[in-house]
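K.L.:
Next come the chains, spelled out residue by residue.
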Amino acid sequence: MDYIIETENLTKKYGAVISVADLSLHVEKGKIYGLLGRNGAGKTTTMKMLLGLTRPTSGVIRIWGKALWGNEKKLLPRIGSLIEAPGFYPNLTAAENLHIFATLRGVPGRHAIKDALDLVSLPYKDQKLFSEYSLGMKQRLAIALAIMHDPELLILDEPINGLDPIGIAEVRLLLRRLCEKGGKTIFISSHILSEVSLLADVIGIIDKGILLEEESLAQLEQKSSKYIHFTVSDTAQAARILEQSFQEKQFTIRDDHNIQLYHSALPVTKIVSVFVENGLEVSEAHTCEGSLEEHFKRITGGEGIA
Amino acid sequence: MKFVVIISVLAAIVSALISCFIVRRVKKRVSEMTEVLADVKSGNGNRRILSAADEFAAPLAYEINDMIVSYENRLSAFRQTEETNKRLMTSLSHDVRTPLTTLIGYLDAVHKEVVTGIDRDNYIEIARCKAHDLKEYIDVLFDWFKLNSDELSMEIKTVEAAELTRNMLSDWIPILEERQIDYNIVIPEQPFKVNLDTDGYMRIVNNLIQNVVAHSRADRIEIILSRKNSNMEIILTDNGVGIEKEDLKHIFERLYKCDRGGAEKGSGLGLSIVYQLVEKMNGSITVKSVRGNGTTFTLLFPLVS
Numbered sequence: 010m011d012y013i014i015e016t017e018n019l020t021k022k023y024g025a026v027i028s029v030a031d032l033s034l035h036v037e038k039g040k041i042y043g044l045l046g047r048n049g050a051g052k053t054t055t056m057k058m059l060l061g062l063t064r065p066t067s068g069v070i071r072i073w074g075k076a077l078w079g080n081e082k083k084l085l086p087r088i089g090s091l092i093e094a095p096g097f098y099p100n101l102t103a104a105e106n107l108h109i110f111a112t113l114r115g116v117p118g119r120h121a122i123k124d125a126l127d128l129v130s131l132p133y134k135d136q137k138l139f140s141e142y143s144l145g146m147k148q149r150l151a152i153a154l155a156i157m158h159d160p161e162l163l164i165l166d167e168p169i170n171g172l173d174p175i176g177i178a179e180v181r182l183l184l185r186r187l188c189e190k191g192g193k194t195i196f197i198s199s200h201i202l203s204e205v206s207l208l209a210d211v212i213g214i215i216d217k218g219i220l221l222e223e224e225s226l227a228q229l230e231q232k233s234s235k236y237i238h239f240t241v242s243d244t245a246q247a248a249r250i251l252e253q254s255f256q257e258k259q260f261t262i263r264d265d266h267n268i269q270l271y272h273s274a275l276p277v278t279k280i281v282s283v284f285v286e287n288g289l290e291v292s293e294a295h296t297c298e299g300s301l302e303e304h305f306k307r308i309t310g311g312e313g314i315a
Numbered sequence: 476m477k478f479v480v481i482i483s484v485l486a487a488i489v490s491a492l493i494s495c496f497i498v499r500r501v502k503k504r505v506s507e508m509t510e511v512l513a514d515v516k517s518g519n520g521n522r523r524i525l526s527a528a529d530e531f532a533a534p535l536a537y538e539i540n541d542m543i544v545s546y547e548n549r550l551s552a553f554r555q556t557e558e559t560n561k562r563l564m565t566s567l568s569h570d571v572r573t574p575l576t577t578l579i580g581y582l583d584a585v586h587k588e589v590v591t592g593i594d595r596d597n598y599i600e601i602a603r604c605k606a607h608d609l610k611e612y613i614d615v616l617f618d619w620f621k622l623n624s625d626e627l628s629m630e631i632k633t634v635e636a637a638e639l640t641r642n643m644l645s646d647w648i649p650i651l652e653e654r655q656i657d658y659n660i661v662i663p664e665q666p667f668k669v670n671l672d673t674d675g676y677m678r679i680v681n682n683l684i685q686n687v688v689a690h691s692r693a694d695r696i697e698i699i700l701s702r703k704n705s706n707m708e709i710i711l712t713d714n715g716v717g718i719e720k721e722d723l724k725h726i727f728e729r730l731y732k733c734d735r736g737g738a739e740k741g742s743g744l745g746l747s748i749v750y751q752l753v754e755k756m757n758g759s760i761t762v763k764s765v766r767g768n769g770t771t772f773t774l775l776f777p778l779v780s
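First to last, the sequence lines map onto chains S and X. The numbering used here puts the first residue of the first sequence at 10, with every later residue one more than the last. The numbering used here puts the first residue of the second sequence at 476, with every later residue one more than the last.
Please note that the accuracy of each hint is not assured.
With a straight-line cut-off of 25 Å between C-alpha atoms, the simulated BS3-like cross-links for lysine-lysine are [claimed, not checked]:
(1) X/632 / X/587
(2) X/502 / S/82
(3) X/621 / S/82
(4) S/190 / X/720
(5) S/258 / X/632
(6) S/235 / X/720
(7) S/134 / S/147
(8) X/587 / X/561
(9) X/668 / S/75
(10) S/83 / X/502
(11) S/22 / S/75
(12) X/516 / S/83
(13) X/503 / S/83
(14) S/40 / X/605
(15) X/561 / S/40
(16) X/587 / S/258
(17) X/724 / X/763
(18) S/190 / S/235
(19) S/22 / S/38
(20) X/724 / S/40
(21) S/190 / X/724
(22) S/82 / X/720
(23) S/38 / X/516
(24) X/610 / S/75
(25) X/763 / X/632
(26) X/610 / X/621
(27) X/610 / X/703
(28) X/561 / S/38
(29) S/258 / X/605
(30) X/621 / X/632
(31) X/516 / S/190
Since the hints were derived computationally from the structure, they do not count as laboratory data. Small disclaimer: the values here were computed from a predicted structure and weren't measured.
Please put together the full structure from these sequences, using the hints given.
P.N.:
Here is the structure:
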């Protein structure tokens with residue numbers, strides 16, 4: 010597998026304080042990766058290291074398969090980033106501000122500034138100065154700056170900060186579209202579980218600088234959905250018994266031996282004993298339950314994420 | 476004289492230096508652009524050449540970018556279809572496996588004489604129904620594949636839709652009565668001339684009613700055909716469970732199923748087929764729903780004047 014971003018044992022110490030420890034991230038092409046963690050978990054430090062803004066104490070960062078250190082000049086222009094507040098001039102308009110960056114960094118087309126502003130629903134011909142912008146508009150402009158040069162990879166630190174619910178939905182849609190239609194790879198951080206689970210394809214959970222888990226949302230949902238899993242000698246008979254003895258129809262047969270029963274309030278032991286009475290061998294039965302939130306609570310050792 | 480010579484020599488040296496400098500800049504720029512193009516050539520369609528607007532190479536860079544973007548857009552449409560087909564294959568194997576294995580479960584039980592007498596007959600009847608459901612599912616699947624590979628030949632001609640609809644709905648009445656669903660059907664006497672493919676039109680209306688019967692848990696359905704401006708309008712309303720707002724946006728997408736995680740019968744293709752058929756006949760379909768309060772589908776087809 011070729012990863013767009015790959016880190017190996019990335020560690021950052023500030024004096025004696027370990028901010029990020031042994032982080033090994035894997036971001037696939039064309040996916041949205043959500044780095045989820047509470048405030049102070051090490052998200053921003055990780056992103057700063059990925060963007061070459063601070064040097065790791067140890068460990069390797071590879072972007073597009075190339076070591077970041079030594080190749081910054083080649084790699085960084087291909088990334089769009091939003092980290093903390095970008096330096097915009099308060100006495101200029103949005104378009105004027107973007108124009109300065111366009112001249113400095115270059116853009117891919119004649120209408121890049123207007124296109125970027127359109128994408129974040131900010132007006133192009135507007136006399137409003139940056140200093141008069143609301144927090145949400147400033148955030149939109151920062152996103153416009155990140156996407157203006159149509160980068161292959163976006164690294165966005167808490168991109169929905171300061172946005173109202175409609176703005177959040179718009180940004181979510183924008184990022185999804187960039188990823189699905191444009192084939193961009195997006196790496197975002199957030200401390201809001203519900204937001205990440207709506208947006209990301211893969212979630213990395215970071216707590217106290219340690220990456221606890223890195224899994225696709227589909228896998229996580231599988232883990233956190235409520236069902237009873239049985240491993241039996243014959244799923245065909247198991248299915249018949251579930252229908253006939255328990256009037257259960259919400260099951261999925263995975264293969265000849267594995268069957269999952271959804272939305273059932275029946276006790277597992279009861280089902281198992283009826284299976285056995287009917288001559289089935291049951292080698293495994295377990296209940297999988299709990300929301301994503303509970304799952305995170307479990308893996309963070311009880312404190313939870315958000 | 477000597478002075479003039481020195482000046483011209485100096486000028487020559489300076490201009491040589493300047494042109495050297497320019498040549499180096501151009502060379503550097505060209506090599507950067509070549510590198511980007513090599514990356515694009517190796518399959519990275521997201522790469523762009525960045526250039527400030529006033530730079531000498533800007534028009535060339537922008538032109539190349541435009542080309543890359545337009546090819547990339549076409550490729551991404553292909554990739555999305557491929558992705559959907561992949562998902563379809565996975566979900567298909569699950570959707571077929573569960574009912575088929577269950578069906579086998581019943582037949583095996585009969586075969587091994589786990590049940591006898593009336594139970595045995597019951598089991599065979601259940602297996603028969605399941606086989607029919609499975610066939611229905613596979614028919615839907617076949618339709619969908621035909622629609623999506625553009626192999627479906629539509630025979631669009633001017634038909635009288637009021638009579639056609641009346642005949643179709645009369646077939647539904649016994650089914651509605653059997654399921655104890657109240658119905659109110661309003662179709663005016665005057666003719667409605669519309670350009671339709673008869674089979675496709677029947678499938679649209681049948682699919683929508685089938686959905687109400689199979690999934691909505693409604694006990695009342697209303698179908699009203701009327702004239703609206705220069706269109707024939709069909710409004711189909713039920714008082715069933717309704718559709719969640721979040722789901723409503725996606726229901727015409729292929730493979731979208733509202734009831735996630737379970738093994739609810741249904742292919743997730745029905746409404747996608749409806750949508751595509753309606754579009755092919757230049758009609759439109761919209762949906763309104765309130766969770767717990769029922770759903771309304773509105774179909775519009777342009778009338779032939």
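K.L.:
State for each hint whether it applies.
P.N.:
Evaluation of the provided hints:
Restraint check: the Cα-Cα separation between residue 632 of chain X and residue 587 of chain X comes to about 55 Å, which exceeds 25 Å; the hinted pair is violated. Of the supplied pair hints, the one linking residue 502 of chain X and residue 82 of chain S holds, its CA atoms being roughly 18 Å apart against a limit of 25 Å. In summary, the hint linking residue 621 of chain X to residue 82 of chain S is not supported, as the alpha carbons are separated by about 51 Å, beyond the 25 Å threshold. Between residue 190 of chain S and residue 720 of chain X, the direct Cα distance comes to roughly 24 Å. Compliance with the 25 Å bound is thereby established for this hinted pair.
Taking the CA atoms of residue 258 of chain S and residue 632 of chain X, the gap is about 44 Å. The hint is violated against a cut of 25 Å. At most 25 Å may separate the alpha-carbon atoms for a hinted pair to count; residue 235 of chain S and residue 720 of chain X meet this at roughly 23 Å. About 16 Å separates the Cα atoms of residue 134 of chain S and residue 147 of chain S, which keeps this hinted pair within 25 Å; it holds. Distance hint between residue 587 of chain X and residue 561 of chain X is unfulfilled; the C-alpha atoms sit about 38 Å from each other, more than 25 Å.
Using a Cα cut-off of 25 Å, the hinted pair residue 668 of chain X and residue 75 of chain S is violated, with the two alpha carbons roughly 66 Å apart. Between residue 83 of chain S and residue 502 of chain X the alpha-carbon distance is near 17 Å, which keeps this suggested pair within the 25 Å criterion. For the given pair, residue 22 of chain S sits about 24 Å from residue 75 of chain S by alpha-carbon distance, which is consistent with the 25 Å threshold. With a CA separation close to 18 Å, the supplied pair residue 516 of chain X and residue 83 of chain S stays within the 25 Å bound.
Our distance criterion of 25 Å between C-alpha atoms is met by residue 503 of chain X and residue 83 of chain S, whose separation comes to about 13 Å. At most 25 Å may separate the alpha-carbon atoms for a hinted pair to count; residue 40 of chain S and residue 605 of chain X exceed this at roughly 39 Å. Distance restraint check for residue 561 of chain X and residue 40 of chain S: the Cα-Cα separation of roughly 17 Å lies within the 25 Å cut-off, and the hinted pair is therefore satisfied. Under the criterion of a C-alpha separation no larger than 25 Å, the hint pairing residue 587 of chain X with residue 258 of chain S is consistent with the structure, at around 23 Å.
Simply put, residue 724 of chain X and residue 763 of chain X have alpha-carbon atoms about 10 Å apart, close enough for the 25 Å limit, and the pair holds. Between residue 190 of chain S and residue 235 of chain S the alpha-carbon distance is near 33 Å, which puts this suggested pair outside the 25 Å criterion. With a C-alpha separation of about 29 Å, the suggested pair residue 22 of chain S and residue 38 of chain S falls outside the 25 Å cut-off, and the hint is violated. Simply put, residue 724 of chain X and residue 40 of chain S have alpha-carbon atoms about 22 Å apart, close enough for the 25 Å limit, and the pair holds.
Proximity of residue 190 of chain S to residue 724 of chain X is assessed by CA-CA distance (about 18 Å); at most 25 Å being required, the pair is judged to hold. Proximity of residue 82 of chain S to residue 720 of chain X is assessed by CA-CA distance (about 47 Å); at most 25 Å being required, the pair is judged violated. The suggested pairing of residue 38 of chain S with residue 516 of chain X holds, with an alpha-carbon distance near 17 Å, which does not exceed 25 Å. For the hint linking residue 610 of chain X to residue 75 of chain S, the alpha-carbon distance of about 53 Å lies beyond 25 Å, and the restraint is violated.
Taking the CA atoms of residue 763 of chain X and residue 632 of chain X, the gap is about 30 Å. The hint is violated against a cut of 25 Å. In summary, the hint linking residue 610 of chain X to residue 621 of chain X is supported, as the alpha carbons are separated by about 16 Å, within the 25 Å threshold. Between the alpha carbons of residue 610 of chain X and residue 703 of chain X the distance comes to roughly 38 Å, so the proposed pair goes past 25 Å and is violated. As the CA atoms of residue 561 of chain X and residue 38 of chain S are separated by approximately 18 Å, the hinted pair is consistent with the 25 Å bound.
Distance check on the hinted pair: residue 258 of chain S and residue 605 of chain X sit about 12 Å apart at the alpha-carbon level, within 25 Å; holds. For the hint pairing residue 621 of chain X with residue 632 of chain X, the CA-to-CA distance comes to about 20 Å; that is within 25 Å, so the pair holds. Between the alpha carbons of residue 516 of chain X and residue 190 of chain S the distance comes to roughly 20 Å, so the proposed pair stays at or under 25 Å and holds.
When the structure is compared with the earlier hints, violations turn up for hints 1, 3, 5, 8, 9, 14, 18, 19, 22, 24, 25, 27 and for no others.
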